[in-house]
Structure formats: structure tokens, C-alpha cells
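Top line first, the protein sequences correspond to chains V and L. In case it helps, my numbering puts the first sequence at residues 1 to 440. In case it helps, my numbering puts the second sequence at residues 1 to 230.
It should be emphasised that the hints constitute simulated quantities derived from the structure, not laboratory data. Model, not experiment: these values are computed from the prediction. Backbone N, C-alpha and C fix where the C-beta goes; we use that ideal spot for every residue, glycine too. Misleading hints may appear alongside valid ones.
Facing chain L, from chain V, some residues (calculated, C-beta under 7 Å) [unchecked claim]:
id	residue
1	P29
2	P145
3	N170
4	Y174
5	V175
6	Q253
Listed next, the in silico PhoX-like pairs over lysine-lysine satisfying Cα-Cα at most 25 Å (straight line) [what the hints assert, rightly or not]:
id	chain 1	residue 1	chain 2	residue 2
7	L	K74	V	K247
8	L	K35	V	K250
9	V	K286	V	K69
10	V	K286	L	K74
11	L	K74	V	K203
12	V	K320	L	K74
13	V	K266	L	K74
14	V	K320	V	K223
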Amino acid sequence: MPSRKTLALLALAAAALAPAFADETCNSPYTARLIKGQEHFLHVWTLGVQGLGDGSDKLVTIDVMPGSKTFGKVVHQLSVGGRGEAHHMGFTDDRKHLWAGRLDDNKIFVFDVGTDPARPKLVRTIDDLVKKTGYVGPHTFYALPGRMLIQALSNSKDHGGVTGMAVYNNQGRYVSRHDMPVGDSAMGKGDGYGYDIAINPQKNLLLTSSFTGWTNYMMDMGKLIADAEAMKRFGGTMALWDLKAMKPQKVFQVPGAPLEIRWSLKEGDNWAISATALTSKLWLIKQDASGQWQARDVATIGDPAKIPLPVDISITADGKGLWVNTFMDGKTRYFDLSNPEAPRQTYEKVTGKQVNMVSQSWDGKRVYITSSLLANWDKKGDMDEQALRAYQWDGKALTPVFEVDFKAEKLGRAHHMKFSAKAGGASAALDAGAVRVAAR
Amino acid sequence: MNRRQATAALAGAACGGTLRAAQFEPGRGLVGLPKQDFRPPAAGSYRLPVIQQAPSGWVLEGNRWPRRLEGYTKGALTLLSFVYTYCTDPVGCPLAYAAMLEVRDRIRQQPGLRDRARLVSLSFDPTHDTPAAMQAYGGEHARARSPRWHFITTSSIERLSPILQGFGQDAEVERDDAGRPTRAITHVLKVFLLDPAGQVREIYSAAFLMPEVIVNDMLTLALASATEAP
């Protein structure tokens with residue numbers, strides 16, 4: 001039986017020898033098996049386009065291992081049938097399964113990416129979200145131990161933006177629902193909207209942000225912008241929750257649809273950052289001198305008057321930098337976050353006619369971007385390019401490495417990305433033979 | 001210290017001393033018990049929804065006849081984790097053990113929990129971890145009461161696998177560069193909190209493994225058990 005002293009020594013040894021893990025920097029802190037070093041595969045949750053290939057939503061797997069014979073190529077595609085507004089994905093806590101949602105028909109697809117990440121398999125389809133919760137638009141998938149926390153965008157009553165979070169266990173069964181805060185209260189004025197989730201385990205805090213409901217996100221963008229009433233129906237809040245109790249504690253007023261949220265990953269940091277889509281600002285969520293959590297805008301992204309539409313962010317592992325993609329001008333921007341109170345843009349590059357998601361490796365040397373925002377919000381005609389682009393980042397400039405043209409490959413609209421890797425050193429299922437040998 | 005020496009040290013060491021609280025490092029996993037920089041909400045002020053039902057199965061303890069797993073998952077507030085006796089990963093079984101030990105000590109300070117709680121350590125490796133080996137691993141803790149701490153195993157992988165699957169506990173044997181199985185079993189550290197009906201009400205992975213919070217959750221379940229239907 002290990003003694004406490006031995007355990008303490010082992011903990012100290014582990015602290016000294018902890019390897020530099022590599023992974024995208026936006027996973028749940030409860031996601032295990034972080035990739036050490038180079039990612040092998042990039043999975044892209046792709047929206048089907050009528051008349052393009054089989055027209056179905058699909059999970060596209062790309063080999064991103066330098067030196068591989070299929071480097072930069074699509075090595076697998078798995079169609080799930082139909083088009084339901086494929087959007088975001090998230091790993092389970094053991095990183096064996098990837099949950100992927102559709103914002104229109106509310107289906108959630110569970111892919112096995114642990115057995116053979118080069119060839120994901122569809123193992124489950126969850127279709128009872130609306131029935132169990134009344135929520136619509138499963139957006140963010142955030143691993144908790146043994147279960148998945150899902151942030152929805154809308155509701156089945158009026159298809160507006162009032163919504164909530166659902167919890168399902170890893171076997172795909174419904175566990176609980178949690179409404180977003182609505183109305184005036186001591187915690188602030190909630191609008192009930194939802195978008196992203198980010199957890200700080202050390203503080204027992206959950207942060208949420210807010211976007212818009214089904215009626216808006218399924219509307220043609222040109223029509224939406226012209227509809228003044230519809231444009232009023234965007235979220236303007238972030239909420240701070242007691243994670244254990246799953247109860248909101250404070251609502252911040254953050255006008256202009258705050259989207260992705262990232263806690264700094266640097267040890268000792270306890271602040272988070274988000275970007276507002278419509279007002280083009282970076283917002284910092286941090287404790288003030290009295291220990292109270294506050295949200296305030298700390299930087300401008302491009303020229304807000306031109307509505308560049310920041311749509312995704314990716315924080316560096318050391319919390320010192322932030323990638324920001326702005327959809328309308330097709331720019332990938334880098335902000336110096338050395339002082340999170342005053343972020344400063346130090347680089348920008350046009351990476352496409354339209355750009356949406358941005359993901360970086362843990363070491364920050366590789367940056368991947370995709371093109372599609374929403375099927376009805378993407379640009380039209382020649383401006384509607386669809387691609388995955390991979391870059392090297394040397395701290396000064398993004399250098400193109402490869403590109404997959406999702407139209408030429410007849411795949412669809414490239415949206416959310418997740419990395420995977422072949423098991424390091426390989427492992428075997430826990431079967432009788434393996435354990436007998438292992439136990440010798 | 002090589003692996004064999006570490007194993008020997010772990011197997012032979014006596015319990016005592018003070019556990020050093022170590023840090024959770026986001027993105028890198030855990031290098032010890034996670035830092036807890038908050039006061040948990042008051043026991044009973046929040047709910048712990050049912051996550052899943054614990055599976056059925058047959059297990060072995062000491063020199064007893066095989067018993068149903070339900071005998072260890074129902075009838076008490078149960079904290080259960082999977083271990084293997086020769087595990088040396090400091091952020092694996094030893095970390096779970098450290099948390100269990102501290103939880104045990106805290107339970108002893110709670111009159112409302114002392115006789116309503118149990119701890120269970122169930123082996124990943126029935127081939128090596130025989131009932132006798134598990135009793136030896138548990139040492140004096142396997143014989144202590146208030147709360148009881150059961151060190152159990154199974155008779156075969158065939159008996160173990162459905163239990164692992166039922167809990168959603170992954171486990172794989174690591175292979176070396178030549179493809180040969182090693183002695184290491186990789187798994188995501190999970191500690192399961194079950195109510196007296198054998199329902200999983202919380203799961204603690206490394207980032208959540210905070211003894212004060214675990215005991216708070218047990219108190220919450222104890223307070224709720226009087227009003228909740230089984």
C-alpha cells in the first residue's frame with residue numbers, strides 16, 4: 001500500500017517530469033490523453049451541400065502528419081445522412097469519442113475516434129434533446145467526467161434565443177437540464193441566451209456566453225441584416241456559474257453576442273477572454289481588487305464600424321497570445337495577450353475570402369483554419385470558398401503548408417476541427433491474453 | 001528509482017505522514033491532487049442528478065465465496081475506484097488512493113457519514129490481483145471499520161469487463177515499442193460516488209479529485225436520501 005510520503009514524492013517527481021503536452025488549447029480540462037507532440041489527424045465536421053458529392057453532412061479526416069504519404073490529404077469521410085446544420089464537436093473525457101451536433105435537426109452524432117482515429121466510426125445517434133429538454137441547437141460539447149455538458153442555442157417553443165444546457169452521460173442517456181438565467185435578479189439581468197461553455201475547475205466556475213436563436217441562425221444573412229427586429233435578438237450577456245451546484249451566480253452585460261470563451265491555461269492565471277461578434281471587441285473576465293468577478297472590454301478587433309465579425313478565437317498554451325478569425329474580411333489576426341488588460345494586435349493576414357474556425361497545436365507552431373460559418377450565413381458565389389488551410393507559425397508570419405479544397409473534393413462546407421493521434425506506443429484492449437502477459 | 005523499485009516501494013510502504021497538495025495543470029493533466037481554490041456550496045443546497053446505474057457482476061473479497069457486486073454498490077453511500085496493486089503512475093491509482101485515504105479520514109469526522117459510507121477499491125487485473133493480493137494491498141485498511149474499505153477483485157477478465165463497461169471505465173494494456181504488452185494499464189482516473197440505490201451520482205476524474213468536495217457531496221446525498229425516492 002503506498003504511503004502518503006511516497007505519494008508526495010511521486011507527485012513531486014511528476015511535477016518535475018511532466019511532459020509538454022501538445023493539443024489544441026480549447027478542450028475541456030477534463031479531456032484526457034492529450035496529444036504529446038505532433039497531431040496525426042484533423043477531423044472536420046462538414047456541412048453537406050446539395051449537389052456536391054453525396055450532399056450529406058460528414059466527418060472528414062485529414063492526415064496532418066508531416067512525412068506521411070497522405071500528408072495533407074483526406075484519408076476518410078463518413079457521411080451521416082441528410083443536412084442538419086453540422087456545427088461543433090467535443091471529445092468525451094476519455095477522448096475515445098467525438099460528439100458532433102447539428103443545429104437544425106438537433107441530432108447529435110457520436111463517433112468512435114479512439115479505436116482507429118484514421119477511420120472514425122459512427123456508434124450512436126442521439127435524437128431526444130428537444131423531447132428531454134425543450135432546447136434546440138446543440139452547440140458546444142464540453143466533457144465532464146463520465147458525461148457531456150451541452151450548450152444549446154435555442155428552444156422549441158418560439159425558436160428564439162432563450163435556452164439552456166443539457167447533460168448526457170457518456171452512454172448517450174439524458175441526465176439533467178439547466179436553464180440560462182433570464183430576467184432581473186440580484187445576480188444581474190439575464191437574457192437567457194447561450195453559446196459557449198468554459199470551466200475553471202480550480203475555482204469551481206463555469207462561464208457561458210450568448211448568441212442567437214434558431215430563427216436567426218437559420219435565416220439568410222442578407223435578410224437577417226436587413227431585419228432590424230431580428231438584429232435585436234442577439235445575446236448580450238455572459239454568466240458565471242457555480243459549477244458544482246450548476247447555479248448561475250452573476251450575469252455580465254456584454255453587448256454584441258459574446259461567442260467563444262477561453263480561460264488562460266497558464267498556471268496561476270485566473271482570467272478568461274471572449275470576443276463579441278457584432279461589436280468586435282475582446283472582453284476580459286477577471287476578479288477585481290476586491291475579488292469580485294467583472295467583465296470589461298479591453299480591445300477592439302479591426303474596425304467595428306465595418307463589422308469584421310470575429311467568429312472564433314484560439315488562445316496559446318501560455319496565455320500570451322490569441323488568434324482571432326474575422327469572417328467578413330477573411331483575416332486571421334494575432335493579439336499579444338502579455339497584458340490581458342490591454343491586448344494588442346501584432347499581426348494579421350488574409351487567409352481566405354471567408355474564414356471561421358481557428359485551431360492551433362499546443363506548441364503554437366501549427367495553425368489551422370476553416371471557412372464556413374453557417375450554411376445560410378456563408379458568402380455567395382465566388383466568395384463562398386470552402387477549405388481547410390494549414391499554416392506554420394514562427395512567431396512572425398503564417399506560412400501556408402497545405403490546403404484542402406472542400407468544393408473540389410466534393411465534401412461540403414468546412415466547419416469545426418478537432419485533432420487526434422494514433423495511440424502513443426500502442427495499447428491493447430484489456431483482454432485475458434493481454435493481462436496474462438502483462439502480469440508476468 | 002526504476003519501475004520495479006517503485007512498485008516495491010509502493011507495496012511495502014507504511015501509511016503515515018502528510019500528503020502534499022499538488023497542482024492541476026490545465027492542458028497537462030494532473031500532477032497530484034488538484035488545487036481547490038473555492039469553498040464548496042453548502043451540503044444539501046444542490047442536487048446531484050443520477051448519472052447512471054451501477055452495473056451488476058460478481059466479485060471476490062478475501063476468502064469469501066463470490067459475491068454480487070451489488071453488495072458493494074447498494075445499501076450505503078459508496079466511493080468506488082478501480083486500481084491495480086502494482087500501478088506506479090503517480091497520477092493514476094496512487095492519486096486515487098491518496099484521495100480515498102483523505103476522504104476516509106474526513107468521513108470519520110462526520111457522525112452522519114461514519115456508518116453510512118463505504119469505500120471500495122476494485123482491481124483492474126484479476127490475474128495478478130488475487131483476493132489475497134488485494135487484502136495484502138489494503139493492509140490494515142481492509143480490516144478497519146467506520147467506514148469499511150473493501151479491497152475486491154474478480155475471478156477473470158470475463159467477469160471484470162462488463163463491470164468496467166457498465167461504469168464507463170476505460171482500461172487498456174500498454175504495449176512497448178515491439179508491440180508486447182507491458183505491466184502498465186492505462187486508464188482515465190475515475191472515482192465513482194454511488195447512492196444507497198446503487199446509482200452513480202458523481203464521477204471525479206483527476207481535476208475533480210478534491211476530498212473536501214467529495215465528502216460534501218456525500219453529505220448532500222445523505223441529506224437528500226430521506227426525501228428522494230430510491
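Now the hints, each set against the structure:
Because the closest C-beta pair between P29 (chain V) and chain L is about 5 Å apart, less than 7 Å, the hint holds. At about 4 Å, the closest approach between the beta carbon of P145 (chain V) and any beta carbon in chain L falls short of 7 Å, and the interface hint on this residue holds. With a least beta-carbon distance of about 5 Å to chain L, the hint placing N170 (chain V) at the interface is held under the 7 Å criterion. For Y174 (chain V), the suggested interface contact is broken, since its CB lies about 10 Å from the closest CB of chain L, more than 7 Å.
At about 5 Å, the closest approach between the beta carbon of V175 (chain V) and any beta carbon in chain L falls short of 7 Å, and the interface hint on this residue holds. Contact between Q253 (chain V) and chain L, as hinted, is not supported at the beta carbon level, the nearest pair being about 24 Å apart and thus beyond 7 Å. Taking the CA atoms of K74 (chain L) and K247 (chain V), the gap is near 29 Å; set against the 25 Å cutoff, the hint is violated. Straight-line distance between C-alpha atoms of K35 (chain L) and K250 (chain V) comes to about 23 Å, which keeps the hinted pair within the 25 Å bound.
Pair hint K286 (chain V) plus K69 (chain V) does not hold up; C-alpha atoms about 46 Å apart against a cutoff of 25 Å. Taking the CA atoms of K286 (chain V) and K74 (chain L), the gap is near 43 Å; set against the 25 Å cutoff, the hint is violated. Between K74 (chain L) and K203 (chain V), the direct Cα distance comes to roughly 32 Å. Violation of the 25 Å bound is thereby established for this hinted pair. Proposed proximity of K320 (chain V) and K74 (chain L) is contradicted: the alpha carbons are some 49 Å apart, above 25 Å.
Simply put, K266 (chain V) and K74 (chain L) have alpha-carbon atoms about 42 Å apart, too far for the 25 Å limit, and the pair is violated. Our distance criterion of 25 Å between C-alpha atoms is broken by K320 (chain V) and K223 (chain V), whose separation comes to about 39 Å.
The structure does not agree with the numbered hints 4, 6, 7, 9, 10, 11, 12, 13, 14 stated previously, though it agrees with the rest.
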